[in-house]
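**Student:** Residue numbering for the sequence shown follows the numbering used here, starting at 879 and increasing by one per position.
It cannot be assumed that every hint is accurate.
[As the list claims (entries may be wrong)] Label pairs and their in silico Cβ distance ranges:
no. : residue 1 : residue 2 : range
1   : Arg944    : Gln882    : 27 to 33 Å
2   : Ser1088   : Ala1009   : 30 to 36 Å
3   : Tyr1115   : Asn930    : 31 to 37 Å
4   : Glu957    : Lys1072   : 28 to 34 Å
5   : Ala1075   : Asp1008   : 42 to 48 Å
6   : Lys1072   : Ala977    : 38 to 44 Å
7   : Glu982    : Gly1025   : 20 to 26 Å
8   : Pro1004   : Ala1073   : 23 to 29 Å
9   : Val1092   : Gly1054   : 18 to 24 Å
10  : Gln1026   : Arg1093   : 36 to 42 Å
11  : Ala1087   : Arg1028   : 35 to 41 Å
12  : Gln983    : Arg944    : 17 to 23 Å
13  : Phe976    : Glu953    : 36 to 42 Å
14  : Ser1082   : Gly883    : 32 to 38 Å
Read the hints as simulated data drawn from the structure, not as lab findings. The structure displayed is predicted, hence computed values, not measured ones. Glycine included, C-beta positions come from ideal geometry on N, C-alpha and C.
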Amino acid sequence: MPFQGTTAIVTGGGMGLGLAITEALAARGTKVAMFDVAAESVQTQAARLNRNGADVRGYVVDVSDRAQVESAVSEVRTELGPVLILVNNAGIEQFGKFAEIRDEQWDRVMAVNLRGPFICTQVVLPDMLDARWGRIVNISSSSAQGGQARMAAYVSSKAGVIGLTKSLALELGPKGITVNTIPPGMVVTPMLEKAIAEGRFTASLEHFASITPVRRAGRPEDIANAAVFLCQDESSYITGQVIGVNGGRRT
């Protein structure tokens, strides 16, 4: 299936990794629907990309709300066509001591980070089944592979994304649909910069870069390039895999 004219949804597409993935897909001729709760950002970025010749639409969607997802996907099908590429990228973090996590904090992280991919995948799946072709890329986290203190809810949710990926790959492989996950390493995004500025990490970005084998922090386009590869026909024999893009921090 060529990128040109194919429709993709990228959740959390208004900034950071999601925006980089949107840009990379759009540059290859994909029609992209960005889902994001940040209304101003998603609309501004869609307008910017369209001025440069892309075909991108922004939708204000909370991916943890099934009714919102179903409504938005219905609009996408009408405006852009059936959805054959899904990048589940939307996510939120929660920092703090495990003993101090409140139920509502835990539930909100799980709702966005794990229920979101579950809902979005269920809603777009009929299009992929009809086409007998689909690409699902779930953005997880390298912290789910090695753990991270004071991030129990986030790490647990992203570990769930890895498990969801593996189960879906086994179930959907015979239908021509591949499902893979990318756990990014330390990538410079607005979310990371905010966390460092607020002192949520004890080390600086420079320190993280110095202990990474390639001696730099990741860039959003590093993740976008891997996601685009996993959406190609050429990746059809790759499914159920955890494709770490982390500069060698986790091997």
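**Student:** The structure should be examined with respect to each hint, and the outcome stated for every one.
**Tutor:** Hints versus structure:
no., hint, in the structure
1, Arg944 <-> Gln882: 27 to 33 Å, "holds (31 Å)"
2, Ser1088 <-> Ala1009: 30 to 36 Å, "violated (46 Å)"
3, Tyr1115 <-> Asn930: 31 to 37 Å, "holds (34 Å)"
4, Glu957 <-> Lys1072: 28 to 34 Å, "holds (33 Å)"
5, Ala1075 <-> Asp1008: 42 to 48 Å, "holds (46 Å)"
6, Lys1072 <-> Ala977: 38 to 44 Å, "violated (24 Å)"
7, Glu982 <-> Gly1025: 20 to 26 Å, "holds (23 Å)"
8, Pro1004 <-> Ala1073: 23 to 29 Å, "violated (38 Å)"
9, Val1092 <-> Gly1054: 18 to 24 Å, "violated (35 Å)"
10, Gln1026 <-> Arg1093: 36 to 42 Å, "violated (22 Å)"
11, Ala1087 <-> Arg1028: 35 to 41 Å, "violated (21 Å)"
12, Gln983 <-> Arg944: 17 to 23 Å, "holds (21 Å)"
13, Phe976 <-> Glu953: 36 to 42 Å, "holds (40 Å)"
14, Ser1082 <-> Gly883: 32 to 38 Å, "violated (44 Å)"
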